[in-house]
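One-letter residues, chain by chain:
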Amino acid sequence: MALIEARGVSYSYNGKQALSGIDLSIGSGQFVVVLGPNGSGKSTLARLLNAIILPTQGEVSVDGHLTSDKASVFDIRKTAGLVLQNPDNQIIGDTVEDDIAFALENMGLHPSWIDSIITDVLEQTGLTAQRFSNPRELSGGQKELLCIAGILAMKGRCIILDEALSMLDRENRNLIVDLLHRLNRENGLTVVMTSQDTEDALDADLVVVLDDGKVVASGKPEDVRIVPESFASSVASMLRERNVAVSEEVVSEDGLLKALSKKGAV
Amino acid sequence: MIRDVTLGRYYRQDSFVHTLDPRTKLCGVAFLIAGIFISSSVISCIFTMLCIAALVWLSRVPLRYMVKGLLPIFVFLAVVAVLNIILVPNGVFRAILISLRVVEVIFASNLLCLSTRPREISNGVETGFSWMRHLKVPVHDLATIVSIAFTFIPILAEEARRILDAQTSRGLDMRKGGLVKKTKASVSVIIPMFVSAIERAENLAVAMESRLYGCGEPTRLHPLKYSYDDAAAYVCIFTYLLVVILMKVGRL
Amino acid sequence: MIELRNVSFSYPSDGRQQVKVIDDVSFSIQDNGFVGITGKIGSGKTTLCKLLCGLLKPSSGQILKEGRVALAMQFPESQIFENTVLKDVMFGPLNMGLPEEQARSVAEKSLESVGLDGSFFDRNPLRLSGGEKRRVALAGVLALNADIYVFDEPATGLDSRWHDSLFELLHRLNDSGKTVIIVSHSIDDIAENCRTLVYLEDGKVADFGNTADVIPRHRSLETRAMGFARRLASEGMEIDYTKAVTRKDLADLIASRIQFQG
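As they're listed, the protein sequences go chains A, B and C. Take the first sequence: its position 250, counted from the start at 1, is 250 in this note's numbering, and no numbers get skipped. Take the second sequence: its position 71, counted from the start at 1, is 337 in this note's numbering, and no numbers get skipped. Take the third sequence: its position 72, counted from the start at 1, is 590 in this note's numbering, and no numbers get skipped.
Think of the hints as simulated: they come from the structure by calculation, not from any bench. Cβ coordinates follow ideal geometry from the N, Cα and C atoms, glycine included. Take these hints with a grain of salt, some might be off.
Stated by the list, open to error - One side of the interface only, derived from the structure: several residues of chain B facing chain A at Cβ under 7 Å:
1) Arg383
2) Arg385
3) Leu470
4) Ala473
5) Ser476
6) Arg477
7) Tyr479
8) Cys481
9) Pro484
10) Thr485
11) Arg486
12) Leu487
13) Asp496
As the list claims (entries may be wrong) - Heads up, simulated BS3-like pairs for lysine-lysine below, C-alpha to C-alpha not over 30 Å straight-line:
14) A:Lys263 - C:Lys583
15) C:Lys575 - B:Lys450
16) C:Lys568 - C:Lys651
17) A:Lys155 - A:Lys16
18) C:Lys568 - B:Lys448
19) A:Lys155 - A:Lys220
20) C:Lys538 - A:Lys262
21) C:Lys575 - C:Lys538
The whole structure should be built from the sequences, with the hints applied where relevant.
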């Protein structure tokens, strides 16, 4: 059974159709990237998966529970935590550990238990040294890690990130993407990331491309025609313009390297 | 860079006052302010001033921080003082008394804010009033509102600065023009602030729901616990108020 | 033309020691330049923007300008407040003292230059999409008719569709004779678009000059194209990765290498 499923989901508000006819199936342990330009419905989808909003048509289920089932809402949010785009609008605590504690306090856990979970999560995200720092003094990348830590603390099976990386520079983005992949590989954490950046999709297990509220493509990165071009595919097309034959299927740097070595260039 | 615009912000220090339970400090400030307004004779005023001075010394916070917040009030104080001197019989004494009381209240509230983290203050209020849950008062929600407000003040202030800068670079000059023009000019800052604040609020609400706010009776990572220091402090607090009341009653 | 001579800027951080954000910075930008300013977060880029446009005055040193400077800050759409697109763009020209008719026509031209036609003029800007709002905000800055434009991180938060059209807009602006200065944390964006580069580190100018010359001198400024070229070189391809600053350079290098091999 899939961990997260959306069946025939549509969502509209104020007469605007944000999503229509979405069918999605995310298996446990998958690394999923939802690509799409601004306004394609990615944020709406993320909020639907976290039971923040309910579909106007169709249904969403997480770990077998329907998001429309009021009794399951908190279990769903624990299983699939949501991280939003701007860390400043999510951080509540005065100190890093206070902020991570938020979800745990809400769950009614005993203080010593909360304390040990915080220690674990700080280590996972590399923020141990900042345990008592004021979150406002952290760098953008660290703030994002803090938001992720706050969700990891719930020990759920899935983490949903809604454009959480779009405000970071490349170095910090890579840091966090690496962390997510590591958690995905080592802990089996299901990751669902919405993004406008093609590069994020290249290492995913499943890429879902949204445009104007509809799924226009879905599958493995190599099988899906991803627009806009990635770095490697744009270099590949430039090479074709210079009469160097490179397959149109090249999307990643590794792929380009392989293609060039086949030509004996390396 | 976030410039702290909090109303008397926390000053990290290792002092007796800093380590007290926030409930003790809240109670202390309340009693102190009561005492400030009860003291109306020269002796009781001096007594109150000495107590405040002792607290300031105990808190080990530099005086210049204690004095913050006095400057903007200064003009107001001067006006009140002058009005009292002119219009009220025995006005000079009243003028001094009122000015003194305002200054002392500011010191008292600064003492609280400088020695207690905002989160601790709201924890203190929440724990102190938690018995009101049984009266169906949403204590936890109210305390959360207050602590979030504290947290977001610097952020909103920085946003206001950014928006003001943006409009200034589009030629906005807040100094020019009469009242009407100035009002129209401030609209260019107020509306974007509202728009941004509402967006932040929506984000924050989603984030809180996502982190299970409201799913049950919350616990606390650092539950408040009284210590012997607090007992001593409470004794002093009650003694102070008792003395002031006795002085008042005994017309000292 | 803008010239900075030994400019420093400190900001009094309440009571404690002063923070020197910009430290003895000197460089000059010629007319019609297309300049990129980059550096790590905290290197002083935004402060430098504010100094260039006059929002802040230097604590010491001089800034010499010929011509007016206009600034588009990060996420400029947060400055939108009027209830029609046209009125919001007219805000700047009206503040500058232009009569209403003239302000209107300047605003209309400015909106057209960012690709928003007449159908947008009466719409409520707060209800537009993110990319459209960004354009309205930029139109508002362009309506100031300055000679020098400074853009602080103009592409953040834009998807690639808007990203590309934004840079097309900047190039059009530059081609029309204006000086364009952008601050960006994306060295790739700067490499692909700017002719001149100012590299800030801890408030000082660590390097300054032609983009293609400055970039290879600093490992931290390595572009994606250079990184890949370096990888190719380490796998045995005989190319000089320092010459692969942009993707086009990279493609040229690879193509000529392959053709050379026959």
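Taking the hints in turn, this is what the structure says about them:
Residue-level restraint check for Arg383 (chain B) holds (minimum Cβ-Cβ distance to chain A is 6 Å; threshold 7 Å). Checking Arg385 (chain B) against chain A: minimum C-beta separation of about 4 Å stays under 7 Å; hint holds. Residue-level restraint check for Leu470 (chain B) holds (minimum Cβ-Cβ distance to chain A is 5 Å; threshold 7 Å). Interface restraint check for Ala473 (chain B): the shortest CB-CB distance to chain A comes to about 4 Å, inside 7 Å, so the restraint holds.
Contact between Ser476 (chain B) and chain A, as hinted, is supported at the beta carbon level, the nearest pair being about 4 Å apart and thus within 7 Å. Evaluation of the Arg477 (chain B) hint against chain A yields a held restraint, the C-beta minimum of about 4 Å falling below 7 Å. The restraint placing Tyr479 (chain B) at the interface with chain A holds, with a minimum CB-CB distance near 5 Å, inside the 7 Å limit. Given hint, Cys481 (chain B) at the interface with chain A, holds; its Cβ is 4 Å from that chain's nearest Cβ, closer than 7 Å.
Given hint, Pro484 (chain B) at the interface with chain A, holds; its Cβ is 5 Å from that chain's nearest Cβ, closer than 7 Å. For Thr485 (chain B), the interface hint holds, the least distance from its beta-carbon to any beta-carbon of chain A being 5 Å, beneath 7 Å. A cut of 7 Å between beta carbons decides the hint on Arg486 (chain B): the least distance to chain A is about 6 Å, and the hint holds. A distance limit of 7 Å between C-beta atoms decides the matter here; for Leu487 (chain B) the minimum to chain A is near 4 Å, and the interface restraint holds.
Because the smallest distance between the Cβ of Asp496 (chain B) and any Cβ of chain A comes to about 19 Å, over 7 Å, the interface hint for this residue is violated. Of the supplied pair hints, the one linking Lys263 (chain A) and Lys583 (chain C) is violated, its CA atoms being roughly 54 Å apart against a limit of 30 Å. Taking the CA atoms of Lys575 (chain C) and Lys450 (chain B), the gap is near 27 Å; set against the 30 Å cutoff, the hint holds. Proposed proximity of Lys568 (chain C) and Lys651 (chain C) is supported: the alpha carbons are some 22 Å apart, at most 30 Å.
Straight-line distance between C-alpha atoms of Lys155 (chain A) and Lys16 (chain A) comes to about 36 Å, which puts the hinted pair past the 30 Å bound. Restraint check: the Cα-Cα separation between Lys568 (chain C) and Lys448 (chain B) comes to about 24 Å, which is no more than 30 Å; the hinted pair holds. Distance hint between Lys155 (chain A) and Lys220 (chain A) is fulfilled; the C-alpha atoms sit about 27 Å from each other, no more than 30 Å. A threshold of 30 Å between alpha carbons decides the hint, and for Lys538 (chain C) with Lys262 (chain A) the separation of about 54 Å lies outside it, so the pair is violated.
Only pairs whose Cα atoms come within 30 Å are accepted, and Lys575 (chain C) paired with Lys538 (chain C) is accepted, the gap being roughly 14 Å.
Consistency with the previously given hints fails for numbers 13, 14, 17, 20, ordered from lowest to highest.
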